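Peer 1: Quick note, the sequences are listed as chains D and W, same order. Oh and the first sequence: position 452 is 452 in my numbering, straight run, nothing missing. Oh and the second sequence: position 214 is 1214 in my numbering, straight run, nothing missing.
Don't read these hints as lab results, they were simulated from the structure. Nothing here was measured: the structure is a model prediction, and the numbers come from that model. All residues carry an ideal CB built from backbone N, CA and C; glycine is no exception. Just so you know, not all the hints are guaranteed correct.
[As the list claims (entries may be wrong)] Partial selection, computed: residues in chain W whose CB lies under 7 Å from chain D: (1) GLY1066; (2) GLU1071; (3) ILE1092; (4) GLY1094; (5) GLY1242.
[Claimed, not checked] Residues from chain D that keep clear of chain W, each with C-beta distances beyond 10 Å, as calculated: (6) LYS28; (7) GLY221; (8) ALA420; (9) ASN444.
[Claimed, not checked] To give a feel for the contact side, a few chain D residues facing chain W, derived at Cβ under 7 Å: (10) ALA50; (11) GLY53; (12) PHE54; (13) PRO55; (14) THR56; (15) HIS59; (16) ASP398; (17) ARG406; (18) MET416; (19) SER423.
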Amino acid sequence: MTTTTSQAKPGPADNVRPHLAAFNAFEKDGACRFPLWVNELRRAGISHFATLGFPTPRHEDWKYTNVAPITQLPFNPAVNLSPAALMAAKAAPFAFAGLGGSRLVFVNGHFAPELSAISKHLAGVKLGSLAAAMTSDVDLVKQHLGCYASVNNHAFRALNAAFFADGAFIFVPKGVAVEEPVHLLFVAVASEGGTAAHPRNLIIAEAGSQIKVVESYISAGNAPGLTNAVTEIAVGEGANVELCKFQDENLDAFHVATVQSSLARNSRFTAHSISIGAQIARHDINTIMTGEGVECVLNGLYVTRGSQLVDHHMIVDHAQPRCASHEFFHGILGGKSRGVFNGKIFVRPGAQQTDAKQTNRNLLLTDDATVDTKPQLEIFADDVKCTHGATVGRLDEDAVFYLRSRGIGHNAARRMLTQAFASNILARIGVEPVRKQLDEFLQNRLDAEIRAVEG
Amino acid sequence: MALLEIRKLNAGIAGKHILKGINLSINAGEVHAIMGPNGSGKSTLSQVLAGRKTFNVMSGEVLYNGKNLLELEPEERAHEGIFLAFQYPVEIPGVNNTYFLKAAYNEVRKHRGEQELDAMDFLALVREKMKLLHLEQDLLNRPLNEGFSGGEKKRNEIFQMAVLEPKLAILDETDSGLDIDALRDVADGVNKLRRPDNAALVITHYQRLLDYIVPDFVHVLLNGCIVKSGGKELALELEEKGYDWLACQPCL
Chain D
1 MTTTTSQAKP GPADNVRPHL AAFNAFEKDG ACRFPLWVNE LRRAGISHFA
51 TLGFPTPRHE DWKYTNVAPI TQLPFNPAVN LSPAALMAAK AAPFAFAGLG
101 GSRLVFVNGH FAPELSAISK HLAGVKLGSL AAAMTSDVDL VKQHLGCYAS
151 VNNHAFRALN AAFFADGAFI FVPKGVAVEE PVHLLFVAVA SEGGTAAHPR
201 NLIIAEAGSQ IKVVESYISA GNAPGLTNAV TEIAVGEGAN VELCKFQDEN
251 LDAFHVATVQ SSLARNSRFT AHSISIGAQI ARHDINTIMT GEGVECVLNG
301 LYVTRGSQLV DHHMIVDHAQ PRCASHEFFH GILGGKSRGV FNGKIFVRPG
351 AQQTDAKQTN RNLLLTDDAT VDTKPQLEIF ADDVKCTHGA TVGRLDEDAV
401 FYLRSRGIGH NAARRMLTQA FASNILARIG VEPVRKQLDE FLQNRLDAEI
451 RAVEG
Chain W
1001 MALLEIRKLN AGIAGKHILK GINLSINAGE VHAIMGPNGS GKSTLSQVLA
1051 GRKTFNVMSG EVLYNGKNLL ELEPEERAHE GIFLAFQYPV EIPGVNNTYF
1101 LKAAYNEVRK HRGEQELDAM DFLALVREKM KLLHLEQDLL NRPLNEGFSG
1151 GEKKRNEIFQ MAVLEPKLAI LDETDSGLDI DALRDVADGV NKLRRPDNAA
1201 LVITHYQRLL DYIVPDFVHV LLNGCIVKSG GKELALELEE KGYDWLACQP
1251 CL
């Protein structure tokens, strides 16, 4: 006699049901405006999302970042641009005004031409909305979109694939250098709790081309919403791409984003992640070297207060020999805020003469701030140079005393040293007006923070 | 009235009693040297005078221009004209040397009720002081003391002193780690800044520095108190005989 126990396949977790329902609704009346092949990407996305479910702290990559507050939000994907959101965005102060060059504004992930200014650019350079490019540049977009950012191991990327409507599309043809920085500004307008924007960006820099992109994320209003962004970057042979991401959404907002780059032979990629806003901000910055002689620099600065959490997860995949990667991350943490740094480096078999360096330094302004920092090196080659170092500490009292002994007041000395700590990262930004504005902006932020700490 | 008057000063760190009843009086226009072996309390004295809180004053008093110095914060002492040239100047990456010095200079001016100098005027002042001290221009644009050689750090201390024009300069082993050229430049700088209305307290291990900065008075600090005072010839005597012969002297 045999007994059968019911082994019904477990259904999706309860907390993803609203997302699955929203997807069905989107498919029924919104998604038909996109080409069929895009909707195939969506279906793959939602199906992986249903399988994966939201990560929990039991998941190694989410050990220090509990996304429960995100899953508890109502889920209202911004699949269309509402006139109200556009109005609200119009009134928002724009970061990096007066930058020069082109500025593309996206409201809840949708391109807003009336807020954007695209300057004249060289022949062949394409700059605009990804939604438009999906029909105007089908072959190009199809060849790259979704090819770099995997959806089978990351629930938020899968969710982005399912719900993205628009984002930036940048194409720089072979050998062309775009001189002025391109500014992509993402305004999150959470008019109702749980508005979720899914910006999707694609940057293609062909062989020998050059471009600098500033990606900034701000919010209009104080409602809690989710920005769940994915940026894919294909850097061609010998190309040089610099990406400066600035994230300063409101303190109730949530920000989850992946920047995924693929770097061809002899290319150079520099990414900066300046993260100072949101209740929870999680940045995945992943890069793979697909050819030899690549130079990749990842810089990061997080400045947190209150009960904020900023999490940076990097994967640098040295799949080919003779590539260099350098990661420099500084954190300045006040209040009860938390910082997470997780830097994974793969050195694949045969990736000889890899030079990988990783530094994470943290400055705690209060006793209650915490940092979890973890290097993860997985090395399968023998002729490599891999170093990593992490520090967590307070301001150097010897340095404070030195400044005070010259007449600089207690708080001013602390401010000066904290600012200097931030400047070590900001100084690496190659877009000068952005660096200057960030420097000033942070000076004010740190002023306020130190005054709050010192009372 | 003396510029600085130290009376029966007792101080220490972490429960350790280091200064054991120091008495010292310095008038404007004078240069005093304090000599003593390692561990005698020389650096403790300089740090206590500059306001380092890691050292605690157990008893005694310090009057500066008639004011109770010990109740002032380090920055207030600087505003009042006290300057400590550090034995080990701190490296501060990310803080530009000129930016720092301008901030310090303007704080001192503000305290005196004078108008702050703008960038142009400050640069002119700095250029003049650099000439005085034979300093390289690039020193100005570098991060404060970061990657400076031992000599550069000490020159930078004296340069800061030249700009801030203190009433009382305390030079804590400024000669340590200096080669003879740097020593001469540093001493030369200090001498050029000597004025009838300011004073200097030169703390040193060796007599060598005092060949260049000639003191009016020399004091021997041994085991936390001053056991002998004299004129500049005392330094030569110490050079010849060492400190052992003073070991059993009572405190002055």
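Peer 1: None of the hints should be skipped; say for each whether it holds.
Peer 2: Outcome of the hint check:
no.: 1; hint: GLY1066; in the structure: violated (21 Å)
no.: 2; hint: GLU1071; in the structure: violated (15 Å)
no.: 3; hint: ILE1092; in the structure: holds (5 Å)
no.: 4; hint: GLY1094; in the structure: holds (3 Å)
no.: 5; hint: GLY1242; in the structure: violated (32 Å)
no.: 6; hint: LYS28; in the structure: holds (55 Å)
no.: 7; hint: GLY221; in the structure: holds (35 Å)
no.: 8; hint: ALA420; in the structure: violated (3 Å)
no.: 9; hint: ASN444; in the structure: holds (17 Å)
no.: 10; hint: ALA50; in the structure: violated (48 Å)
no.: 11; hint: GLY53; in the structure: violated (44 Å)
no.: 12; hint: PHE54; in the structure: violated (39 Å)
no.: 13; hint: PRO55; in the structure: violated (36 Å)
no.: 14; hint: THR56; in the structure: violated (39 Å)
no.: 15; hint: HIS59; in the structure: violated (37 Å)
no.: 16; hint: ASP398; in the structure: holds (5 Å)
no.: 17; hint: ARG406; in the structure: holds (4 Å)
no.: 18; hint: MET416; in the structure: holds (6 Å)
no.: 19; hint: SER423; in the structure: holds (5 Å)
Going through the hint list in order, the structure does not satisfy hints 1, 2, 5, 8, 10, 11, 12, 13, 14, 15.
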